[in-house]
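As they're listed, the protein sequences go chains A and B.
Residue numbers for the first sequence follow our numbering, so the first one is 217 and each next one is one higher.
Residue numbers for the second sequence follow our numbering, so the first one is 94 and each next one is one higher.
For the record, the hints were derived by calculation from the structure and aren't laboratory data.
Stretch-level coverage of chain A by chain B, calculated; a stretch enters the list once three of its residues show a Cβ under 8 Å from a Cβ in chain B: (1) 330–341; (2) 384–395.
Heads up, simulated BS3-like pairs for lysine-lysine below, C-alpha to C-alpha not over 25 Å straight-line: (3) B:LYS406 / A:LYS326; (4) A:LYS326 / A:LYS313; (5) B:LYS253 / B:LYS373; (6) A:LYS352 / B:LYS406.
Beta carbons are placed, not taken as given, at the ideal position from N, Cα and C, and that holds for glycine.
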Amino acid sequence: MKKYIVPSIRLTLVLIVLLCVIYPVFIAFAAKFSTGKGDGEAIIVNGKTVGYALVGQNFSKPQYFWGRPSAVGYNANGSGGSNKAPTNPDYLKDVEKRIDTLLKYHPYLKRSEIPADMVTASGSGLDPDISPEAAKIQVKRVALYRKLDEQKVADLVNEHVEAPLFGFMGPAKVNVLKLNVALDELQKH
Amino acid sequence: MNTELTGIIVTFAITLIIAILLGKYMAKMYAGEKVWTDFLKPFEKFLFKLSGINPNEQMNWKQFLKAMLTINILWVIYGFFVLIYQDKLPLNPDGNPGMSADLSFNTIISFLANCNLQDYSGETGVTYFTQHFILMFLQFTSAATGMACAIAVFKAFRDKTTNSLGNFWEYFLKSITRILLPISIVIALILAFNGTPSSYAGKDKFISMQGDTVTLSRGPAAQMIAIKHIGTNGGGWFGANSAHPLENPNYLTNVVEIVSQFIIPVGMIIALGYFVRRKKLGWVIFGVMLIGTLSLMLPSIISEVGGNPEIAKMGITQATGSMEGKELRFGPAATAYWSTLTTVTSTGSVNGMLDSMMPLTGAWELLAMMINGFFGGDGVGFLNYFIYLMIAVFISGLMVGRTPEFMGHKVEAREVKIAAIITLLSPLLIKGGTALACYIVYAHPNADWAVKPSAWLGNPSYHGFTEMLYQFTTSNANNGSNLGGLSGNNIFWNVSTGIVIFLGRFLPIVGPVAIAGLLAQKKFIPESAGTLRTDTLTFGVMTFAVIVILNALSYFPALALGPLAEYFSMLKH
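Next comes chain A alone, as it looks inside the complex:
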């Protein structure tokens, strides 16, 4: 084995330069030409960063559209899901509580109209999206708390529905942060 020790050390050093310096620095440089310049795409309102387009944040006030439940409380310092098993009794109680909260704020809803994504925690705890159905059930509440025309809010939601990739791959979705930014904008006018 002795014979291979020196070549191993030299090859390792050579590869460290290639794989850990040249490769990542090249990518970082190329990414300067992307939308977020490689730092992530920030959403800026009135000159201040209010969030990142891809990262979900906590919305619990009734005048905003809510995102999905999060196991990490939308703390983007870390990330993670609940890791609760589908049969875990404590978990099922949590889901029941979420349903109750939703029904309290949306008394006009039937249980069968509640989309599953609104009562289950996402994998990352930072899911930026909800389903179009989940946005639609919140329209009436948001319009009420903001004293806005319900139809106008509904139109805004429809504008923010992102279609599946190429129209036939994956689910349709609504980015909650972008929708809420547009909502504040709508109220100003």
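Following the hints, position chain B against chain A.
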């Protein structure tokens, strides 16, 4: 048909097309025939010169393994100490601490072995320096090690009788310069232009719309996420792996990531047929693996799309399926699809939390890792399958009363003994480890460790057992996905899974290379009417049966205690 299903069907079709093209390219490239990437030759020559290596020196199987093991041991020593002292090194904008010795041991073995089980969390447990200089470095080199060893086995059967398995350094370096690095560059650029951070900027702080102060972890992630998939490594930049919206921003990147983790394992099998000049053999093996993969994948998709019956009882309509632990932009179908491919290969990255999946999905994931030979990891997938082939050759030889032969070489006691030991190793490590963990939880629940055994499990009852079984299965298979409810960062889990990962990596590499080396030295017997042919449909079915029977005998009781019991208890209410 709904868009979630068409999404995965199209993804699968893209995967197969790319894999077949890549496989043909790999066969030519490794064989030294003319390929379009030959413009890199002078560059490779230069790297070899810097390293003082002669890539034309032919190695026998012992020399080949010695070279492979020497450089791997060197990486362990390098990584172990750097991880412990990472807090004192540069590129640590978030001020993360050094690792404890047991965590460093587990992490370095895990990345060396292409496993990427992570007992730390990417945002807080490592620095930009160690993410790149240790973890990402090993993601390249561990994949290339596996590929080089698979090619050595191919080489043994390309020539009629030979002592030479080729040159380890040549296969190893070419795997990086001709396959892993170029594809990584393409994937990293796609990710970066879809929103994955790739700069060296540290955390950002901002006030959210509701007025909360939020800290967002970032970093040069796109570079690592690319190789983590193409190298079937799976260890992600962020704790939530590819479920994290920065690690996997949209459905397009999801397609790119899931396609890239499957093309080398599939391509390797295609390459086999072309490389050893027995295309039919390659296609038969491909067929067996494809059927194996589909029979694990379809039930998983069905069970996830069906939703959680316990939530259905509350009156909630789960239009697209079970959503706990899943990201909306992927949906249950693509998440179930991913969970199968990530467990049949040794990738182990996730785009949704496996712990929250339906019991039967969990059973299929476990089974995929227990078998560990349907395409499998880069290079090592074929090596595992090769052991099944030896067992199948031996058993069918006995059944028809002929001397077992493979590719014109007699398979004798020594080779079969090695194959049998490797086969028995997996159940011993998985079930032995799980039994030990169960004993500690039961007998020493309050042992004075960083996490008391009574607090290890994230879920009660059968599912808690599944969490422990899963941890040892993923370690032995060098997969690296885990059920996140289990608290893995304490001395018991760090050390025990570290040992299992090491044995589960190197014995199944050394065994097949040794067998191939021994067989290749034997006299070549031309095919005759008396030969048991291994490139026929019959032999494909035979191998499939051997795989099913071996694994059913080894693991059915363990699966019955965990996911199956959970499934039936769900039906009961």
